[in-house]
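Peer 1: Residue numbers (the UniProt record's numbering): 1 to 732.
Any given hint could turn out to be false.
[Claimed, not checked] List of simulated lysine-lysine pairs, DSSO-like, C-alpha gap at most 27 Å:
{"id": "1", "residue 1": "198", "residue 2": "302"}
{"id": "2", "residue 1": "597", "residue 2": "709"}
{"id": "3", "residue 1": "706", "residue 2": "597"}
[Claimed, not checked] DEER-style ranges, computed between Cβ atoms:
{"id": "4", "residue 1": "634", "residue 2": "196", "range": "40 to 46 Å"}
{"id": "5", "residue 1": "696", "residue 2": "532", "range": "53 to 59 Å"}
{"id": "6", "residue 1": "44", "residue 2": "121", "range": "26 to 32 Å"}
{"id": "7", "residue 1": "656", "residue 2": "211", "range": "42 to 48 Å"}
{"id": "8", "residue 1": "102", "residue 2": "625", "range": "42 to 48 Å"}
{"id": "9", "residue 1": "214", "residue 2": "625", "range": "33 to 39 Å"}
{"id": "10", "residue 1": "663", "residue 2": "625", "range": "20 to 26 Å"}
{"id": "11", "residue 1": "51", "residue 2": "666", "range": "49 to 55 Å"}
{"id": "12", "residue 1": "261", "residue 2": "405", "range": "42 to 48 Å"}
Keep in mind the hints are simulated off the structure, nothing from the lab.
The beta-carbon is built from N, C-alpha and C at its ideal position, and this holds for glycine as well.
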Amino acid sequence: MNILLSLVLLFGCGLTYRLFSRRRRRRWEAEARTRLLQAMLEIDRLLGDSLTLPLALTFNQLTNTLSRRLGAPLVWLGTQESTQEPVRLIAVAGGRKSVALDWSIPVLGPAAEGSVARAIQTGEVLLCALRGDASYAHWAIGDDSRLRFGVAIPFRSLGGTMGVIGVFAPSRERLSVVRNPLWNRLADDLSVFLERRKNAVDVSHIPGYQLAISDLLREILGVSHMSAAYDLVLSLLVERMGALGAWLVEAGRGQAVSEMRWVAMRWRDSEATTQRWCANVENMQSEIGQIVRELALREQSKIISVRDSEMLRRCRDSYHAFAQLEALGAWPVFGENGLHAVLFVASAAPDYFGTSLQVLLRQVCEALHIAMRQLGNVAEIRRRTLLYQALLDEGDIVLTMQGEQPLMEETCRRLVSGTLFATAWIGCFEKDDQLRTLASAVDGDASPSMTGFSPQEEKLIRQTWQTHPRVSPVLHMDPKMRDATVSPALALIPILRGGHRWGILAVRSTAMASFSADVLELLQRIASLLGHGLDELDLKRELADEQYRQSWLATHDPLTALNNRRGLDVYFNHAMMRVQRAGTWLAVVIIDLDDFKPINDTYGHEVGDRLLVAVAQGMQSVVRNTDFLVRLGGDEFVLLLEGLHSVRDLEQVMNSIRVAVETPVFVAEGVSVQVGCSAGLTLFPMDQSSADALLRHADEALYVAKRTKKTRTQYWANHLDLSDLDRMLLEN
Numbered sequence: 001m002n003i004l005l006s007l008v009l010l011f012g013c014g015l016t017y018r019l020f021s022r023r024r025r026r027r028w029e030a031e032a033r034t035r036l037l038q039a040m041l042e043i044d045r046l047l048g049d050s051l052t053l054p055l056a057l058t059f060n061q062l063t064n065t066l067s068r069r070l071g072a073p074l075v076w077l078g079t080q081e082s083t084q085e086p087v088r089l090i091a092v093a094g095g096r097k098s099v100a101l102d103w104s105i106p107v108l109g110p111a112a113e114g115s116v117a118r119a120i121q122t123g124e125v126l127l128c129a130l131r132g133d134a135s136y137a138h139w140a141i142g143d144d145s146r147l148r149f150g151v152a153i154p155f156r157s158l159g160g161t162m163g164v165i166g167v168f169a170p171s172r173e174r175l176s177v178v179r180n181p182l183w184n185r186l187a188d189d190l191s192v193f194l195e196r197r198k199n200a201v202d203v204s205h206i207p208g209y210q211l212a213i214s215d216l217l218r219e220i221l222g223v224s225h226m227s228a229a230y231d232l233v234l235s236l237l238v239e240r241m242g243a244l245g246a247w248l249v250e251a252g253r254g255q256a257v258s259e260m261r262w263v264a265m266r267w268r269d270s271e272a273t274t275q276r277w278c279a280n281v282e283n284m285q286s287e288i289g290q291i292v293r294e295l296a297l298r299e300q301s302k303i304i305s306v307r308d309s310e311m312l313r314r315c316r317d318s319y320h321a322f323a324q325l326e327a328l329g330a331w332p333v334f335g336e337n338g339l340h341a342v343l344f345v346a347s348a349a350p351d352y353f354g355t356s357l358q359v360l361l362r363q364v365c366e367a368l369h370i371a372m373r374q375l376g377n378v379a380e381i382r383r384r385t386l387l388y389q390a391l392l393d394e395g396d397i398v399l400t401m402q403g404e405q406p407l408m409e410e411t412c413r414r415l416v417s418g419t420l421f422a423t424a425w426i427g428c429f430e431k432d433d434q435l436r437t438l439a440s441a442v443d444g445d446a447s448p449s450m451t452g453f454s455p456q457e458e459k460l461i462r463q464t465w466q467t468h469p470r471v472s473p474v475l476h477m478d479p480k481m482r483d484a485t486v487s488p489a490l491a492l493i494p495i496l497r498g499g500h501r502w503g504i505l506a507v508r509s510t511a512m513a514s515f516s517a518d519v520l521e522l523l524q525r526i527a528s529l530l531g532h533g534l535d536e537l538d539l540k541r542e543l544a545d546e547q548y549r550q551s552w553l554a555t556h557d558p559l560t561a562l563n564n565r566r567g568l569d570v571y572f573n574h575a576m577m578r579v580q581r582a583g584t585w586l587a588v589v590i591i592d593l594d595d596f597k598p599i600n601d602t603y604g605h606e607v608g609d610r611l612l613v614a615v616a617q618g619m620q621s622v623v624r625n626t627d628f629l630v631r632l633g634g635d636e637f638v639l640l641l642e643g644l645h646s647v648r649d650l651e652q653v654m655n656s657i658r659v660a661v662e663t664p665v666f667v668a669e670g671v672s673v674q675v676g677c678s679a680g681l682t683l684f685p686m687d688q689s690s691a692d693a694l695l696r697h698a699d700e701a702l703y704v705a706k707r708t709k710k711t712r713t714q715y716w717a718n719h720l721d722l723s724d725l726d727r728m729l730l731e732n
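Required output: the full structure, derived from the provided sequences and hints.
Peer 2: So this is what it looks like as structure tokens:
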């Protein structure tokens with residue numbers, strides 16, 4: 001019987017221990033899930049706010065968040081450049097991060113059986129015991145009780161490569177369960193963030209790319225030989241687009257390697273490096289020829305990553321000039337008879353060829369095609385183009401010039417280029433009836449007698465100004481003023497601006513034949529385009545002024561010219577991050593004017609507005625350059641004081657504010673008014689709250705300062721110093 005009772009007792013104790021252990025394990029797992037969920041929420045906010053921040057900073061913040069929220073002694077994040085490369089650690093956090101000896105984890109050889117290699121291969125989250133794990137055999141883990149278990153979370157990094165997040169803990173329960181979907185969500189969120197960040201960076205380049213292609217198109221139309229066009233393109237890619245190097249290969253008939261011709265090359269380093277690099281490129285004729293033949297068949301661009309190309313890896317390892325090569329792009333340049341050349345672009349970044357850059361490279365190739373077509377014109381078309389160049393390019397001038405004076409000067413300069421006209425002049429009559437020159441240009445071969453206006457010409461200019469004909473009659477100069485070999489003529493065309501007479505375009509030619517009916521018609525069109533260009537500049541100026549005014553009004557108070565609440569919202573979080581990085585204080589102050597309402601009621605709103613403006617100007621004059629002053633509305637202001645190191649710094653600024661506010665303001669002759677002020681403040685980061693909460697705390701402190709106005713020793717109250725009674729009153 002005693003034996004039976006003993007067995008029953010032992011069985012009961014064992015069952016109780018199992019139930020207790022299971023309950024404790026479930027509690028630990030529940031706590032781990034909660035901590036993981038909190039970490040995920042914080043990481044979601046972090047990734048949402050970090051699209052434009054440096055990637056290394058974001059990864060450091062992510063690992064620190066996981067370590068802090070999960071209580072993990074070690075968290076690391078690393079990426080793998082290729083399947084043959086080890087995982088390189090980018091960020092490590094936690095109290096035991098010193099065990100990561102060389103910041104790398106091998107995945108080949110014996111390490112292929114480790115948890116990190118298996119997580120990358122399977123794409124699944126893996127939980128493992130660290131002792132004996134081949135991935136960490138070279139780390140100083142030993143018998144550290146805090147590093148007994150680890151979880152490897154694979155995610156897809158940039159350019160199709162893989163990355164892994166490792167989290168270490170002393171027990172399985174601390175890591176929650178491996179199949180917790182939050183681990184997979186972490187990996188998915190990180191992959192989505194990397195893709196979104198890549199797209200954001202790509203989009204941020206679009207304005208610069210558009211400006212670059214605009215400059216290229218403007219310059220490439222003026223080249224006299226294709227070598228100059230090639231130089232423009234390669235300079236654009238290397239100097240403005242950040243390419244490692246670029247070169248052009250003209251393909252012969254049939255794209256045979258022996259018929260290829262290396263026509264232009266450019267490298268971003270010194271001239272000596274460029275020469276060595278060019279020699280290395282020419283040694284790659286077989287590889288380049290293969291790409292040229294493929295483009296001739298496909299007629300599409302091609303991008304090759306060193307990670308995916310044995311040929312490029314061999315080139316990188318064989319030639320010193322290619323040591324930084326990570327990606328190579330090839331774009332076809334088509335001529336009238338098919339493939340004419342191939343543009344090669346080398347990069348030191350694997351993700352260099354973003355979508356917007358690919359669009360730019362296609363436009364570059366189209367620009368080269370345009371240049372080839374333009375330079376292929378026959379001699380007769382070329383002569384005709386030179387004859388009418390100034391007339392036909394006025395539209396380009398109107399579109400490209402950003403100012404009134406450059407627009408007029410460029411118009412005159414182009415009219416005298418190509419020896420079509422000897423002089424070009426734009427002017428008007430001032431209010432004193434004096435002729436004023438606005439812009440002019442003279443051909444280098446023009447006679448000195450053609451650089452001014454004779455009295456007869458001035459009379460005709462005045463007549464054109466007054467009668468406003470469409471095109472003035474052509475005037476032959478006085479024979480006494482003629483050069484022996486020159487028979488000049490003058491044409492005058494009115495210029496309208498805003499639908500009204502504004503100026504006159506005067507063009508002088510060395511031959512009467514220059515002013516045929518079609519030339520006069522084109523001159524009238526030039527004057528009309530010039531007028532439209534001036535109208536467009538006026539409109540752009542008005543739009544820019546209005547946009548600036550609207551943008552300014554969106555973030556500023558129109559009465560005091562201080563920032564408003566929207567401006568505060570934009571500035572606040574940045575100020576908080578700056579003081580956190582600098583290790584200083586941020587004072588959030590709300591200031592309310594005392595006795596403002598009686599003055600406003602007694603003297604009227606106009607005096608009240610003048611008083612508010614004077615107070616705002618006074619406060620603005622005493623705050624520091626790093627401080628931020630805001631008018632919330634009415635007689636309430638917000639002041640953000642950055643870079644504080646002590647209470648003394650705060651008191652100095654606050655005392656200056658009080659002096660500025662209480663300075664009497666003269667509202668009429670012999671009449672002055674004066675207001676006082678109350679203020680509430682709180683200090684960040686001692687007050688670890690959000691921006692909205694910091695404002696609320698400062699407002700609560702302001703309430704206490706106003707309530708104790710008669711008994712207070714200073715005009716402000718600090719939320720951090722409020723008594724229990726004050727806090728109870730605020731809550732009620």
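Peer 1: Does the Cβ distance between residue 656 and residue 211 fall inside 42 to 48 Å?
Peer 2: At 46 Å between Cβs, range holds.
Peer 1: Given the hint of 42 to 48 Å, check if residue 102 and residue 625 actually sit that far apart at their C-beta atoms.
Peer 2: Once the Cβ atoms are compared, 46 Å apart, the range 42 to 48 Å for residue 625 and residue 102 holds.
Peer 1: Just tell me: holds or violated, for the beta carbon distance of residue 44 and residue 121 against 26 to 32 Å?
Peer 2: About 28 Å separates the Cβ atoms of residue 44 and residue 121, which means 26 to 32 Å holds.
Peer 1: Mind checking the alpha carbons of residue 706 and residue 597 for me, to see if they're no more than 27 Å apart?
Peer 2: Judged against 27 Å, a Cα distance of about 15 Å means the pair holds.
Peer 1: Is 20 to 26 Å respected by the C-beta to C-beta distance linking residue 663 and residue 625?
Peer 2: Because 21 Å falls inside the window, the suggested range holds.
Peer 1: Honestly, do residue 214 and residue 625 meet the 33 to 39 Å range at C-beta?
Peer 2: holds, 38 Å
Peer 1: Does the hinted range 40 to 46 Å hold for residue 634 and residue 196 at CB?
Peer 2: holds, 42 Å
Peer 1: Is the gap between the beta carbons of residue 696 and residue 532 within 53 to 59 Å?
Peer 2: For residue 696 and residue 532 the Cβ distance comes to about 56 Å; the hint holds.
Peer 1: So does residue 261 sit 42 to 48 Å from residue 405, Cβ to Cβ?
Peer 2: Holds: the Cβ-Cβ distance is about 45 Å, inside 42 to 48 Å.
Peer 1: Starting from the range 49 to 55 Å, see whether the pair residue 51 and residue 666 falls in it by beta-carbon distance.
Peer 2: 52 Å Cβ-Cβ, so the 49 to 55 Å window holds.
Peer 1: Run the distance test for residue 597 versus residue 709: straight-line Cα separation, threshold 27 Å.
Peer 2: With a Cα-Cα distance of about 17 Å, the restraint between residue 597 and residue 709 holds, given a limit of 27 Å.
Peer 1: Hinted pair, alpha-carbon criterion (27 Å max): residue 198, residue 302. Please report holds or violated.
Peer 2: With Cα atoms ~20 Å apart, residue 198 and residue 302 stay inside 27 Å; holds.
When each numbered hint is compared with the structure, no violation occurs for any of them.
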